[in-house]
Amino acid sequence: MKIIVSAFLIFFIFQNVGLAQNSRVEKRFDFDWKFSRTDTSAALNSDYDDSDWKGVDVPHDWAFEEGISQDGAQRESGGYFGGGIGWYRKQFSVDSDMLTKRVQIEFDGVYMNSEIWINGHYLGKRPYGYISFGYELTPYLSLGANTIAVRVDNSHEPSARWYHPCGIYAPVKLVVTDFVRIARHGIYITTPEVSASKANLAIQIALENSLDKEAELEIETVVVDANQNEQASCRSRVTIPENDSLSISQKLTLTNPSLWNIETPYLYQVRNRLFNHGKLIDEHITSLGIRSIEWKTETGFWLNGQNVKLLGVSEHYEGGPVGGAWTKELLRWKLQLLKDMGCNAIRAAHNPAPEMFYDLCDELGILVMDEIFDGWKRKAPEDYGSQAFDQWWQRDLTEWIKRDRNHPSVILYSVGNETKGAVAKDLVDLCHQLDATRPVTSGHSGSEFMDVFGVNGGSEKSSFFTKARLNKPFVATEAPHTWQTRGYYRTKTWFRDGYPNKGQQPFELPDLTEDEVFHYEWTSPENWNNRKQHFNSSYDNATVRISARKTWELMRDNAWYSGHFRWTGFDYFGEAGYVHGGWPFRLFMSGALDVAGFEKDLFYFYQSQWTKRPMVHLLPGWTHPTLKKGTLVPIWVYSNADEVELFLNGKSLGKDKPGLKWDEMQCEWLVPWKAGKITAVAYNNGEEVARTEQITADAPSKLKTTIQIGNFESNAKDLAILTTSACDEKGNLYPYGENRVYYHFDGPVRLRSLENGSPIDTCHNLGTNVRRLFMGSTRAFLQSTRDSGNVGVVTAAIIGERQLLTSNRVAIDVQSVGIRGAALKGRMKIFYTTDGSKPTTKSSLYRKPFEIELGTRVRALLVRKGEILFEMEETFAKNEGLYWGNPAEQKSNEVISNGMQAEEAKFEGAKVSRDGKNFFGKGYLDFTSQEGYVKWYQENDGSEGNFTLTFRYALNDSNRDREMDLFVNGQKNCTIKFSKTGSWKVNWATVEIPCQLQAGANYIELRTTGQSAPNIDELLIQ
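FYI, the numbering used here numbers position 834 of the sequence shown as 834, with every residue one higher than the one before it.
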């Protein structure tokens, strides 16, 4: 099969700028909204008093702003964030000239069920939270003040299988045009022929005439290069009847074009100008990237005639530190990090992003697999598939294709993810109708109808590489699935479903050592709710079926393997229970970067394979406060150099060369641990090209604050990222630092997030001035405002080892940093107490570090020029912070399991009981005298297939056994007979039921049958 695609384009958005007199004006509409969480129907009226509402700018995400709680409406699937209903209102002024124009409001993303009013007039509803849309305002505007009102309804939750934003989370604009104009999404340009010598452009232009008379028009198209030099032009004449529309076609040829590609994403501009009797009445500017793409069954993906592997990641728009409310500059930072890793492609999983995402991918040279739907029916209890898909999919898919088909970065459409249904063919047909230049795929859904065979977790199975595949181009749409926690290591391999697991058909992944070397955890295993609640090793040895290294080997060496989109680029909020066991775990740790944007070791593995600039990265760190001297530690080094030499305290431990086989891609040494400095030096042709080192740090006593900043002008868009780390007296990073860092901001600045990347830190990102260090570091994400003036920040911490592992000394460190202009000057004083009492200016004045004992609560007051900036506190005790014991020797008071606990599932008619013993988790469901049900959610990230369901229960009815009906995805599977176990509370037994699960979301439910039921402890799926 061969599919050839050529060039594409994007809107270039002018904000607050008129292109010419009487021509199109696009105004940024993001500032000075009013917001309320009260559902007040009167708010739709223009005369409603909103003076007590909160002032906000958009993008705005109220779920992220309000933070998480254990009873958050989105539950574990949404990272325990909330939902609910919110209202937005904005007043704007209309002058007499604007009343002679057409005015449209355009939203790039409102999640979800948005309803819009202008001056009390209802404009419409849009259920889908991930689609752009617009409404005509013209008939309802008045001279002077006008009011837009927006109601957003997220009262039905969970509405996604991961975290979703709430509110107007993407930009808004007003578009003002003449009554004769170029239609919305009215420019469509393709290049049916592209070569080094020329590019033929085919341009379709949709025009609208809203006047009661015909319009005689001239449409001019000019192509200019990056230096604004004209390269080609043409003109056409057309007459549009009154209150009508039509489309015209134009053709142009560019000679010796500069092609858009990954390394040099060259962009032209296409300027379409509309004249009425010589008067310019509309102008539209589109960015144009000239390139050709081709998909071949035997050799994969081709760009401009060159075979290119898709080095991709799947990425939720919400992956990262700010939930869904991204600014363009912050989104640029995120995408640039992925590009720096060597990533050249992104799957927009599993919904479209706002248009600025595609604009940035065009600019940065990132290929996009553009995806529209997670499912074609219900997957999450209240998702789009459940609420609106059948009625809205055609309209939403049409909006999506017409908006995105002009982006050179978009090389592939995806219409579904781990779902099924007869609608698959209709989805593909509509894509082809709207844009015949790009192929269509899916995440292993309706594959027989797709142009490109996309496979999720099934492409990780060993059998996938030996059995027959569909005879069409292939891409791994979601692989590999691996997990890492920044700064956490285990030398024993971990498979999510155990190893070997015949159903998962995993590749072999041996342990690094016979006995586990590292024994620290986030807390003692006796505090875990289930066996899932642990961190994941950064050695690339925590997985479902396959390692990142083996996946890359297979992809690199098989020509038909066009590339992959690993799950994921960044960690993301949500899916906290599926792999990680639920609260306090709040996010999914699948990224090469965590939610704070800190690079994990996996980031550097990909960089070593996907980039050419010499690099070297060493893992793990060389600070181990409880490790015995002489313990053999596996040292890995990732590098793209010819060879690497390792040194310990200046002594060479020998050289190693990165290999091509998966288990030789890292250089390896087994090194007896002792304090000091370990150094990795990379060589090409015998010359040093890169080096890195890890130094054993003493107990932390200082903060190190660095700032990554743009211009930070008074424009409400510039970004500053403040990174704060724990260091010892010599400035060496202490990689286990976990003290609270406090912030005080001076000047006009907006805090977007305080984030440390920890999977178990349940503190809010906003509405606070404090965040703990996680594995030594944390970040503050700041945005400029429209106000001028100096901007600075003060950071401070009571710093030391929380369990006093190697030192009982505590320091209090304060730093002041200028972000725009100089930091605010003024002598700062610290007053502190060590008995837990509230500090005052009469308390002890801090002068130098001091010694304490375990169990001490230190509190401190930071004062600058007589003003109290904030109060701090830190507790140093045996059970504070990381657990440093040996889990293998820990005698747990709880029995923990790999299964899904019944008390954590959705249920009715039962009560949670802890009366008894030998149950798993934190309790069980007592059905002894109740009727009801228990329902588990299980995501199958592989192909549909046969599984075994194991239910653990207790029953002691002397008269009879008891039965429950088993339903799988709403269909009755069988009736299960539970036999007596001899006790209701102590003796537990299991019953196994064979079952077929579909790809993606599955719901497994036990229902009583009118005779009560046994007590249910858990469900295990294998």
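Because the hints were derived from the structure by calculation, they are not lab data. For clarity, every value in this text was computed on a predicted model and none was experimentally measured. Don't be surprised by glycine CBs; every beta carbon is placed ideally from N, CA and C. Treat the hints loosely; a few may be bogus.
[To be verified] Cross-link-like lysine to aspartate or glutamate pairs, in silico, DMTMM-like; alpha carbons within 25 Å at most:
no., residue 1, residue 2
1, K935, E963
2, K309, D50
3, K328, D835
[What the hints assert, rightly or not] Per label pair, the in silico range of CB-to-CB distance:
no., residue 1, residue 2, range
4, A559, E220, 23 to 29 Å
5, R531, R395, 22 to 28 Å
6, S714, G630, 41 to 47 Å
7, H156, V238, 44 to 50 Å
Here is how each hint holds up against the structure:
no.	hint	result
1	K935 <-> E963	holds (16 Å)
2	K309 <-> D50	violated (54 Å)
3	K328 <-> D835	violated (48 Å)
4	A559 <-> E220: 23 to 29 Å	violated (46 Å)
5	R531 <-> R395: 22 to 28 Å	violated (46 Å)
6	S714 <-> G630: 41 to 47 Å	violated (59 Å)
7	H156 <-> V238: 44 to 50 Å	holds (48 Å)
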